[in-house]
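Last residue of the sequence shown: number 160 in my numbering, and the count goes up by one each step with no gaps.
Please note that a few of the clues may not be correct.
In the BS3-like style, the derived pairs of lysine-lysine whose C-alpha atoms are separated by at most 30 Å in a straight line are [stated by the list, open to error]: (1) K124 x K148; (2) K158 x K105; (3) K141 x K113.
Label pairs and their calculated CB-CB ranges [unchecked claim]: (4) K102 x A123: 41 to 49 Å; (5) K64 x K154: 31 to 39 Å; (6) A133 x K154: 28 to 36 Å; (7) K159 x K74: 25 to 33 Å; (8) K102 x E67: 46 to 54 Å; (9) K155 x A76: 31 to 39 Å; (10) A52 x E91: 54 to 62 Å; (11) I97 x A133: 43 to 51 Å; (12) K132 x K159: 35 to 43 Å; (13) E122 x K101: 27 to 35 Å; (14) A133 x Q92: 47 to 55 Å.
No lab work stands behind these hints: they were computed from the structure.
This structure is a prediction, so every number in the text was calculated from the model and none was measured.
Virtual Cβ for every residue (Gly too), placed ideally from N, Cα, C.
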Amino acid sequence: MVAFMYIGILKSIKNGIMKKVTTLFLAVFFLNAVIINGQESKSTEIPSTIAQTDAKEAKAVRKTVEKEEKKIKKADKKVKKAEKERKKEEQLAKAIGNKKKAIKKNEARIAKLEGKLAKDEAKGKLSPVDKAKLKTKVQKLNTAVAKDKAKLKKLVKKQ
Numbered sequence: 002m003v004a005f006m007y008i009g010i011l012k013s014i015k016n017g018i019m020k021k022v023t024t025l026f027l028a029v030f031f032l033n034a035v036i037i038n039g040q041e042s043k044s045t046e047i048p049s050t051i052a053q054t055d056a057k058e059a060k061a062v063r064k065t066v067e068k069e070e071k072k073i074k075k076a077d078k079k080v081k082k083a084e085k086e087r088k089k090e091e092q093l094a095k096a097i098g099n100k101k102k103a104i105k106k107n108e109a110r111i112a113k114l115e116g117k118l119a120k121d122e123a124k125g126k127l128s129p130v131d132k133a134k135l136k137t138k139v140q141k142l143n144t145a146v147a148k149d150k151a152k153l154k155k156l157v158k159k160q
C-alpha cells in the first residue's frame, strides 16, 4: 500500500499540481485505510487471545470431565465384578447344599433298600431275581453317592 502511495506521488510530480492534489488525497485515504486495518488486526488479536484462553480452559475442563467419567466407569466395573463374584459364591453355596442333600437322600434310600433286603431275606419272601435287582439298585446308589461326594469335594475347594 505504501509503495502505491510513493508511485502515485512520483507520477503527480511529473503531471502537475492537479494530479498532486488527487494523489495526496489518495495517499491520505490509503494511509487511513492502513491505519484502520492495523487497528482492526489489533482488535481481532485481543478476541483471538481470549478465544484461545477460552479454548484452553474448555479443553482442560473436558479432560477433567473425561477423567472423572473414566473413574466412574472403573467404579461401576468394580461394583459389577463384586456383584458377579457374590452371585457366583451364592450359586456355589447353593450347589454345595444341593449335593449334600442329594448324598443324604441317596444314603437314606440305600439304608431303606438294605433294610428291606435283610427283612425280606429273613422272611424268605425274595426270589433270587428280586435280590439281584435290589443289590444292583444299592450298587447304583453307592456309585452315585461316591460321585456326588467327589463333586462336593471339588465344590468345597472352589469355595
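Now the hints, each set against the structure:
| no. | hint | result |
| --- | --- | --- |
| 1 | K124 x K148 | violated, 34 Å |
| 2 | K158 x K105 | holds, 20 Å |
| 3 | K141 x K113 | holds, 14 Å |
| 4 | K102 x A123: 41 to 49 Å | violated, 32 Å |
| 5 | K64 x K154: 31 to 39 Å | violated, 53 Å |
| 6 | A133 x K154: 28 to 36 Å | holds, 32 Å |
| 7 | K159 x K74: 25 to 33 Å | holds, 30 Å |
| 8 | K102 x E67: 46 to 54 Å | holds, 52 Å |
| 9 | K155 x A76: 31 to 39 Å | holds, 34 Å |
| 10 | A52 x E91: 54 to 62 Å | holds, 57 Å |
| 11 | I97 x A133: 43 to 51 Å | violated, 35 Å |
| 12 | K132 x K159: 35 to 43 Å | holds, 41 Å |
| 13 | E122 x K101: 27 to 35 Å | holds, 31 Å |
| 14 | A133 x Q92: 47 to 55 Å | violated, 40 Å |
Comparing the model with each earlier hint shows violations of hints 1, 4, 5, 11 and 14; every other hint is respected.
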